[in-house]
Structure formats: C-alpha cells, structure tokens
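With the hints as constraints, model all of the structure from the sequences given.
Protein chains in written order, with the working numbering: chain G, 13 to 122; chain H, -10 to 108.
Derived by calculation from the structure, the hints in this document are not laboratory data. Any given hint could be a false lead.
SDA-like cross-link-like pairs, simulated, lysine to any residue; straight-line CA separation at most 25 angstroms [said to hold, decoys possible]: (1) K43(H) x G15(H); (2) K43(H) x S(-4)(H); (3) K32(H) x D99(G); (4) K118(G) x E64(G); (5) K50(H) x Q100(H); (6) K50(H) x N83(G); (7) K43(H) x Q73(H); (8) K118(G) x Y93(H); (9) K59(G) x Y22(H); (10) K56(G) x L7(H); (11) K59(G) x T82(H); (12) K32(H) x A98(G); (13) K56(H) x T115(G).
Computed from a predicted structure; not experimentally measured.
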Amino acid sequence: QSALTQPAAVSGSPGQSITISCTGTSSDVGGYNFVTWYQQHPGKAPKLLIYEVSQRPSGVSNRFSGSKSGNTASLTISGLQAEDEADYYCNSYASTDTYVFGTGTKVTVL
Amino acid sequence: EVQLVESGGGLVQPGGSLRLSCATSGFTLSDQYMDWVRQAPGKGLEWVGRTKNKANSYTTKYAASVKGRFTVSRDDSTNSVYLQMNSLTTEDTAVYYCARARNYAFDVWGQGTMVTVSS
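Spelled out as structure tokens, the structure:
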C-alpha cells in the first residue's frame, strides 16, 4: 500500500484560507468515506481533526473542514492562525482492511 | 479521562526483539479496536497494525512492512495492549504510538515511545 500523496508544504498569512490535498486510489480514498486528518505539532502526538471525510470531533475548531472528490480528499483551514503552524497528515481505510497515511504537509503561517 | 501510556522503548541491536506496552485507562478496552502507528525520525506517520475488539474475536491486521515480524496483542483484564517486535532492522527505528480506533479514526493517542535499532 503506497502512501497517499500530499503537498510537502503549504503556507498562508494570518486570516487567510489554505487547502491541503490528499490523493490516493480507488482502493483507499476513492473507495471509502473513511478519510481522517491529523494535526501534529513538533515533538507531540498527532491530534484527530476530521473523521469520515468531513466530520469534526467535539472540541475541534470549525475553522477546519474536510471534503472529498473521487480519489482526492482535502482539508481546508479557514482564518489561519499562528497556532495552526504544524504538520498535517491524511489517512484512509483501505481495501486490504488496513490503513494508509499521507506523506504529510508542513503548514507555515507567514 | 481517557489516557494511553506507552512504555518499553529503548536501544536494541539489529536482529533483536522488543516488546512495547500501552497502558489504557478511562474507557472499556474490550469494546475498542487498538492500533499502533510509528514515525521514523524526521519522517511521516506509518500505520503498523491493529487488534480488533472482543466482539470481533480480537482479529489482528498488519502493514506489509511488519507482517510476520510484529505481533499485536492485548490483555483486557489489565487494560493493556502490546506490540511484540522481532527481527528488528534499522528501518524500524521510530517513535511508536498506541492509538484507540473508533469510527475508522484514531481518536486518542499516547505520547509515544522511542525505539532505536542500532549496533
């Protein structure tokens, strides 16, 4: 199972919106609505931001939203804030009853 | 409070073995799927394996990179999950996280334990 493809880096100014893409195949992202997104600050454990493509767990800011079209999922961060500077990973359930993570995207707030 | 605490990491020689533990609290372990995820230094996250819950006969699944070498197990009576790692190589050097899985998402994570494979 190959890693899902994410851009290595995305940046934006405070208050702007940015979108991170996550491209897989019909055997993972395209085949199931079980795409999740995680935020990871340096030296910390990942934190769940989005599950089932677009659902937010309790306590996660509504500035984070998710969507999917075909084999590509996306995470949008609206109203970018300094605290959003972190690494972001997508993940998808796959046809082999396993999971695959994305390559990761470093978000920089300018 | 739901909490996961990993332990057992350390330095091991190539070809050696190590057993990681994950102590859980704040929820009923027997109801949950539990997974292991690792992260090599400076690299991304990699799913390692899982143990399903009691209702699903504690079935296990593994990533191709560790299948046949790693074993995930659990003891619901002591609220613990384990990762037995055999035939370790330098490629297995990573921080290993224990995570609870719900709705096909890893909703709770431990702080991680570092495994270094080196001679």
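Right, here's what the structure says about each hint:
no. : hint              : verdict
1   : K43(H) x G15(H)   : holds (18 angstroms)
2   : K43(H) x S(-4)(H) : holds (24 angstroms)
3   : K32(H) x D99(G)   : holds (11 angstroms)
4   : K118(G) x E64(G)  : holds (22 angstroms)
5   : K50(H) x Q100(H)  : holds (23 angstroms)
6   : K50(H) x N83(G)   : holds (24 angstroms)
7   : K43(H) x Q73(H)   : holds (20 angstroms)
8   : K118(G) x Y93(H)  : holds (24 angstroms)
9   : K59(G) x Y22(H)   : holds (18 angstroms)
10  : K56(G) x L7(H)    : holds (23 angstroms)
11  : K59(G) x T82(H)   : holds (22 angstroms)
12  : K32(H) x A98(G)   : holds (14 angstroms)
13  : K56(H) x T115(G)  : holds (21 angstroms)
In this structure, every one of the numbered hints holds.
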